[in-house]
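Make a model of the complete structure from these sequences and hints.
One-letter residues, chain by chain:
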Amino acid sequence: MINKGSKVLLEVKNLRAEIARVAGVAGVAGIEILKGVNLTVRAGEVHAIMGINGSGKSTFSKVLAGHPDYAVTGGSAMFEGRDLFSLEPEERARAGLFLAFQYPVEIPGVSNSALLRLAYNTLQTERGLEELDPLEFDDLIQEKIKIVEMDPSFLGRSVNEGFSGGEKKRNEILQMAVLEPRLAILDETDSGLDIDALRIVAKGVNTLLTSDNAVVMVTHYQRLLNYIVPDYVHVMDGGRIVRTGGKELALELEARGYDWVRAAA
Amino acid sequence: MSTALHNLVNQPYKHGFVTDIETEAVPKGLNEDVIRMISKKKEEPEWLLEFRLAAYRHWLTMEEPAWANVSYPRIDFQEIIYFAQPKPKKQLASMDEVDPELRRTFEKLGVPLHEQKLMTGVAVDVIFDSVSVTTTYKAKLAEIGIIFCSFSEAVHEYPELVKQYLGSVVPAGDNFYAALNSAVFTDGSFCFIPKGTQCPMDLSTYFRINTEGSGQFERTLIIAEEGSSVCYLEGCTAPQFDTNQLHAAVVELVALDNADIKYSTVQNWYAGDENGKGGIYNFVTKRGLCKGVNSKISWTQVETGSAITWKYPSCVLLGDNSTGEFYSVALTNHLQQADTGTKMIHVGKNTRSKIIAKGISAGRSSNSYRGLVKVGSRAAGARNYSQCDSMLIGDRCVANTFPTIDVQNTTATIEHEASTSKIGEDQMFFFAQRGIGSEEAISMIINGFCKDVFVHLPMEFAVEATKLLGLKLEGSVG
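Chains as they are written, first to last, in the working numbering: chain D, 1 to 265; chain Z, 1 to 478.
One or more hints might be untrue.
Claimed, not checked - Sample of chain Z residues at the chain D side, in silico, Cβ under 10 Å: (1) V347; (2) S421; (3) E425; (4) I436; (5) G437; (6) I445; (7) I446; (8) C450.
Stated by the list, open to error - Restraint-style ranges between C-beta atoms, simulated for each label pair: (9) Z:I75 / D:V22: 53 to 61 Å; (10) D:G246 / Z:E274: 35 to 43 Å; (11) Z:K277 / D:G162: 41 to 49 Å; (12) Z:L372 / D:I31: 47 to 55 Å; (13) Z:T411 / D:D151: 37 to 45 Å; (14) Z:D452 / D:Q142: 23 to 31 Å; (15) D:E88 / Z:Y72: 54 to 62 Å; (16) Z:E64 / D:D151: 34 to 42 Å; (17) D:L87 / Z:I75: 34 to 42 Å.
Honestly, the hints are just simulated from the structure, not real lab data. Where a beta carbon is used, it is the ideal one built from N, C-alpha and C, also for glycine.
The structure is reproduced here in structure tokens:
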């Protein structure tokens, strides 16, 4: 789906970021993690960002979403023409940036459907559209859960509480299906998934892909890319993207490991 | 923390204004003369003065309790004004004659005094400082035999009922603060539901402390005769002063055979500022006696205010098959301290009790649940279920649980569950990433946490409680 002429959704230039603080961990503030990241994502594209642990890929996705543990120290990120870093995290989300979490949190006492409806209606309001009442929303959600092959009983349960690893990840994709973001960043959504769950998650993402939106997958493994085929594969190392190629780059990484890329960089 | 959030943190207590109204107060300090003066001002019968003096003499022999998990400077009981009332210009003949300044105060607080405006169908008794200002819907309730009036009025109009039940659930010497209250109580609400009568509307008392340096010592007595039922609501606010004020109330409930009393409180006394300056000391004794068979008393409380809360609404389950319930949300922020819970005393056979307590601590506050479930030797087949959950917001607050279970009958069934959770930054970031702002996120988490309690509040109280919790917690995460 490479389409050079299509609209640029995200343009990251020379992005630098450091750890602002981590609760309970002393002495890490000020450590630079991202050291000049460049990335352009157009509508209709699928990108994969790969790299070893500590290369900065998860940090990159969190910085784009505005996680408070990180501070941007240089560079820029434009999202559909807006300066991403001038927006609060919730404003970025309402603008259409979605992050599927590597470790989805549990929210005891808050039902999945209540959360989804509040998030959906917040977006509707943002877009100048009517909010849906619980009955109308139920019609919508019953369709959406089919995308991730989820049992409707999950809607009444507290968000992620008592969910298995695979169920949590499917729940993330369900949220994506409801919110229909312009750009979805999947942060190691494949980690901890068995093969069936991986297939379901991938099918969900593929169903949601259109020529108007885009997906950035952050992953260690080539395995996910068999199911969601990327247009671009980027290798991140030491806080930079050191190599970009097509889907064949992922296969090469799988076969040869990361060291040759790192050496070449 | 965003600027918007920061501003919300510093949002002032909105009930903190003082009404400029002439008050008449007895000199500060406490001795037998002050008690005689209070009794005389209220034109009380001799037996009530004797009740007060006996309580006072007993109080002098008592020690201030030190077992609660709260700390505060020693209270100088001689620095407190024990009686203050809005100066009456003349005897009030109707609601329309209530001082306009006073009426504006209650309008600001959202308590309507005009019966015409009273669309909610709630009868309200309003206690301003020490006296009851007005009771709405009184005449209408009287038609079906329900007495709902100020305590002072009850003393004059229904002395036999008052004499019969006053101190029958909380004896004058029950504890230090109950004894103090018994000596100096000034007003409060009295409510009597006759045999077989279902009270057709919620009865409500609204308490307001206005005068600086004054204590509030109200006394509430509710009697539900055989087969009757009543739902009673209580709300509280106070102006913002830098000094601490003492609120030591006593509430007594009596439920006879097959009677049902539901008592709900939303307590939002001034809590002091974010550095712990000022605020109300809320040292309250509330107890219900399920005297008759199949009777039921249910306490629901949402405690959000006060610098210090010391309060254990309890049930004595005397009648066979009687039921006691306690549903509580206690929220502390900044430097507030709360030590609250309940006592369920099972005396009769097949008595049942249920305790759901939710504690939310934020800021540098301390929040303790303290509970007693006691099953006496005669209470065959008694059952209790307790659930105590704590939620921590931030990492400088404290939550404690002190449950005591004392069972003297082998046929009893006792269940106790407890949990502790924390609103973390990861949860807040997750909500933000789904487009949901921190206010809504906190309110959603807190409401989820408290829903088992909120469902037991009357609708309008539940709405108020939800808003209140959100307001109290804004900015406490992040």
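- Mind checking the CB of I445 of chain Z against every CB in chain D and telling me if the closest is under 10 Å? holds (6 Å)
- May I ask you to test the hint 41 to 49 Å on the CB atoms belonging to K277 of chain Z and G162 of chain D? holds (44 Å)
- Task: For the range 54 to 62 Å, tell me whether the beta carbons of E88 of chain D and Y72 of chain Z fit it or not.
- Result: Violated: the Cβ-Cβ distance is about 40 Å, outside 54 to 62 Å.
- Item | S421 of chain Z as an interface hint toward chain D, with CB separation required under 10 Å | holds (6 Å)
- Message: Between the beta carbons of G246 of chain D and E274 of chain Z, is the distance compatible with 35 to 43 Å?
- Response: The hinted range 35 to 43 Å is violated for G246 of chain D and E274 of chain Z, with Cβ atoms some 58 Å apart.
- Using 10 Å as the Cβ threshold, decide whether V347 of chain Z counts as touching chain D. Since chain D brings no Cβ nearer than about 35 Å to V347 of chain Z, farther than 10 Å, the hint is violated.
- Message: Is the interface hint satisfied for C450 of chain Z? The criterion is a beta-carbon contact with chain D at less than 10 Å.
- Response: holds (8 Å)
- Per the CB criterion, is I446 of chain Z less than 10 Å away from chain D? holds (9 Å)
- Let me know if the C-beta of E425 of chain Z comes in closer than 10 Å to any C-beta of chain D, holds or violated. holds (7 Å)
- Holds or violated: 34 to 42 Å for the Cβ distance of E64 of chain Z and D151 of chain D? This hint is violated: roughly 58 Å between Cβ atoms.
- For the hint on G437 of chain Z, does the least C-beta distance to chain D fall short of 10 Å? This hint holds: G437 of chain Z lies near chain D, its Cβ roughly 5 Å from the closest one there, short of 10 Å.
- Under the criterion of a CB-CB separation shorter than 10 Å, is I436 of chain Z in contact with chain D as hinted? holds (6 Å)
The structure shown violates the earlier hints numbered 1, 9, 10, 15, 16, 17.
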